[in-house]
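J.: Heads up: the sequence lines are chains A and B, in that order.
Residues in the first sequence are numbered consecutively from 1, following this note's numbering.
Residues in the second sequence are numbered consecutively from 1, following this note's numbering.
Read the hints as simulated data drawn from the structure, not as lab findings.
Among these hints, one or two may not hold up.
[Unchecked claim] A few chain B residues that don't get close to chain A, going by computed Cβ distances all over 12 Å:
# : residue
1 : N81
2 : S172
3 : G207
4 : L211
5 : S240
6 : R249
7 : A374
8 : G410
[As the list claims (entries may be wrong)] Which residues of chain A face chain B? A few of them, derived with a C-beta cut under 10 Å, are:
#  : residue
9  : R274
10 : Y279
11 : V294
[Claimed, not checked] Simulated coverage check for chain A against chain B, where a stretch passes if three residues somewhere in it have a Cβ under 8 Å from a Cβ of chain B:
#  : stretch
12 : 64-71
13 : 149-159
14 : 165-179
15 : 283-293
16 : 299-310
C-beta: ideal position from N, C-alpha, C; glycine also.
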Amino acid sequence: MSAPTVDGATTTSLRATTSSSGWRRAVGGRTFWFWVFVAPFLTGLLLFVYVPIGWSAYLSVFDARNTVTPRPDQFVGFGNYLSLLTDSAFLTSLGTFTVFTLGIVPLTYACSLGLALMLQRIRVARTFFRSVFFVPTAVSYVIASMVWRMSIFNGARFGLVNSVIRALGGNPVSWLSGDTPVYWVVLVSLRLWLQVGFYMILFIAGLNRIGKDTYEAAALDGASGWRLFRHITWPQLASTSAAVVLLLVIGAFQAFDEFYNTLATIGNYPPFARPPLVYLYLISLGGGTQNLGVGSAGTLILTLVIAAFGIVQLVITRRLERSR
Amino acid sequence: MADNSFTGFRRPFSRRSMLAAGGGVAAAAVLAACGSNSGMSSGSSSSASAKANLTQWYHEYGEDGVQAAVTKYAAAYDKANVAVKWTTGDYEKAVSAALLTSAVPDVFEYANGPTADMILAGQVLDLTDVLGSAKSDFNQSIMAPRMFRDKVWAIPQTIDMQMLYYRKSVLSKAGVSAPTTFEALVDAAAKVTTKDMGGFYAGTDSGVGVLGLPFIWSAGFRSISSDGKSLDFIDPAFYSALTAYKAFRDGTGLLRNASAEWYDAAPFINGECAMQWTGLWALPKVKAALGDDFGVIAFPGFGSSGKPSVAAGAYGACVAAKGANPDAAKAFVKWLWVDQTDDQVEFSTAFGTHIPAKPALAAKASTLSSGAGADAAKLVADVGHVTDIRWTSAIGTAYSSALTNIIVAGKDPATELAAVASTAKTELAKLS
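Please build the complete structure, drawing on both the sequences and the hints.
T.: Quick look at the structure:
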């Protein structure tokens, strides 16, 4: 199509063509093309996301074991929800993960913002360093977990970190045994390494949106260094920050891959550092089980928790923005 | 074959499946792949006019030659056309997803036979009559714990097991013999430990995962009580067994970290430990590396009422209830896993070391006639245990959590196991 013009004649002729038949109007119209582009994704979204969510909600009120079409006599009402909410292991997993979230979210936030700011300042090899920090994002969680578990943080005396500790005269550390909470070092460093590059890119995009003239104006008023960051950069990044924090929180609550692949052994996952999704997987799908009722109830509870976190965060962000 | 059809918990994981677990299962692809199989209508199964079409599913065995062998067995059957489907990836998830559809595999293997939930959901057929009087030919310690409501739901194909490997030369140099009691194990492990070699190794979780059920059996208990309503091991004698194991872990004899997990014999072969709990599947490798300088024993008994035990398991052949030709499928399963004894021996012993599910056939296998192979076959026959069919994932998860809390964190056994008992009560009520 040609570029839109404000030329009167063109507009009139266009109008004449499009109104000549309803079919042509539909084909040529924006609505038609909207649906052409949106329909495949919308269909996919409905079919593979919303239908399963709805079905999960349906299954969650049944004792649905090894079936997706439970019989009426398997109806248990809120029984699955109640059993999970009175299950101390499930509640512990939620509690542990609130703590994990409170740790990993600020840490990733600070590191990715710090990297973004540093990369904005350097003049040479900026693209190179951007790529270097971004590359871990492309690594699979499973593969990274294997490397962390078997090589870097292997508890044997020849593990990488343990070799360094021994060279410095210390005793090897059992990183993943649960005797001490050092397993958090393994898990947090792994997730940080994997995701920091992605959030760094988001911050770089946010930083690029701040106009140079804003900084120049501030500089004319005598602001520099910390004051520039505090009063210009930070407030201008508010919407990016909100998005980053929300994504980090959701990601933390959905933790599964690196935990499972770092801590599970055949037939066993320790009771510490057990995220809610890992626990639900173990009791509803582990060992050839298919307890879809309990699994569905658990995921819906988790969805509600994540939504609650999201809402709280939204309210706080709005308040902060208004107070400025 | 590279599976270990049991493990301490209710179902076997293959070594591969743990690696695959993080990636999830492409259930949709599996469904698509099997969608074209519908077989013949069920009415034709009894007539001789046309041969029924059957599909038979296997998981991916690690050894070369297994796939060719099972395809050969299926092709040799002349009463039906049997198509073998070799399933890579997370096999159990693939099977349980397929069983929810109308395109089910007619015949499939499942670790230790179907789960109780599969039976209760009506997904598999009762094979008691198919087996008939041949039932007594099979190893009863493999069959009995997998019966449900007094019926047989799967025919065991071949037995795999775990046991304790020890280095003969290292033990004799330290002046100890192969331990037959837990106290002797603790003593031997401490005596053989040096700066370079650990005593006993059973995984980086100190054996909590894999030895969970052997602890129960070696302390002289069953996992589930005979009436099926409660756990059998909630007992002070078992508390003290676990306390003894905790002391063992806190001492010097238990190696806590090694280059590989318990299911890989590398730590034992490399000399990182003098004793290791691992599987029968490691036997060929250990033999190649150490020659005759090793022996195999059961996990020793705890205290005066305990007795040694080994963990065993067997993939079992099941028949899907929704298959188009259930009678033809039953007849095929009987032909292959009950009647074809030569094929059964070949399947068990030609591609790695396993034990035929019928004790009488073990004598025919050259790999089991002498040495450690013969000892392993004897251990299974004498002190082999299989995970009870009522030991669900929820119970297993609660139990392993409690064990970690007791053995690693030093919490009170009575309190921790009471929580497991309460989980089990709810679970077992659903299965009765």
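J.: Quick one: work out the minimum CB distance from B/A374 to chain A and report holds if it exceeds 12 Å, violated otherwise.
T.: Nearest chain A Cβ is 27 Å from B/A374, so the label holds.
J.: So is the stretch 64-71 of chain A in contact with chain B by the C-beta rule, three or more residues under 8 Å, or is the coverage claim wrong?
T.: holds (count 4)
J.: Does the claim that B/L211 lies off the interface hold, with its Cβ farther than 12 Å from every Cβ of chain A?
T.: B/L211 is in fact no farther than 12 Å from some Cβ atom of chain A, at 10 Å.
J.: Taking beta carbons only, do three or more residues of the stretch 283-293 of chain A come closer than 8 Å to chain B?
T.: holds (count 9)
J.: Going by Cβ atoms, does B/G207 stay more than 12 Å from chain A at every point?
T.: It is violated; B/G207 is separated from chain A by about 10 Å at its closest Cβ, not greater than 12 Å.
J.: Please check whether the beta-carbon of B/S240 is more than 12 Å away from every beta-carbon in chain A.
T.: Answer for B/S240: holds, closest chain A Cβ roughly 22 Å.
J.: Does B/S172 really sit off the interface, with its C-beta more than 12 Å from all C-beta atoms of chain A?
T.: 27 Å, holds
J.: Please verify that hint: A/R274, Cβ, nearest Cβ of chain B, below 10 Å or not.
T.: 8 Å, holds
J.: For B/R249, is the shortest beta carbon distance to chain A beyond 12 Å?
T.: With a cut-off of 12 Å, B/R249 comes too close to chain A, as the shortest Cβ separation is near 10 Å.
J.: Once the closest CB in chain A is found, is it more than 12 Å from B/G410?
T.: At about 10 Å from chain A, B/G410 fails to clear the 12 Å cut-off, so the statement is violated.
J.: Holds or violated: the hint that A/Y279 contacts chain B, with Cβ atoms closer than 10 Å.
T.: 8 Å, holds
J.: Would you check whether A/V294 satisfies its interface hint, that is, whether its CB is within less than 10 Å of any CB in chain B?
T.: This hint holds: A/V294 lies near chain B, its Cβ roughly 8 Å from the closest one there, short of 10 Å.
The structure shown violates the earlier hints numbered 3, 4, 6, 8 and 16.
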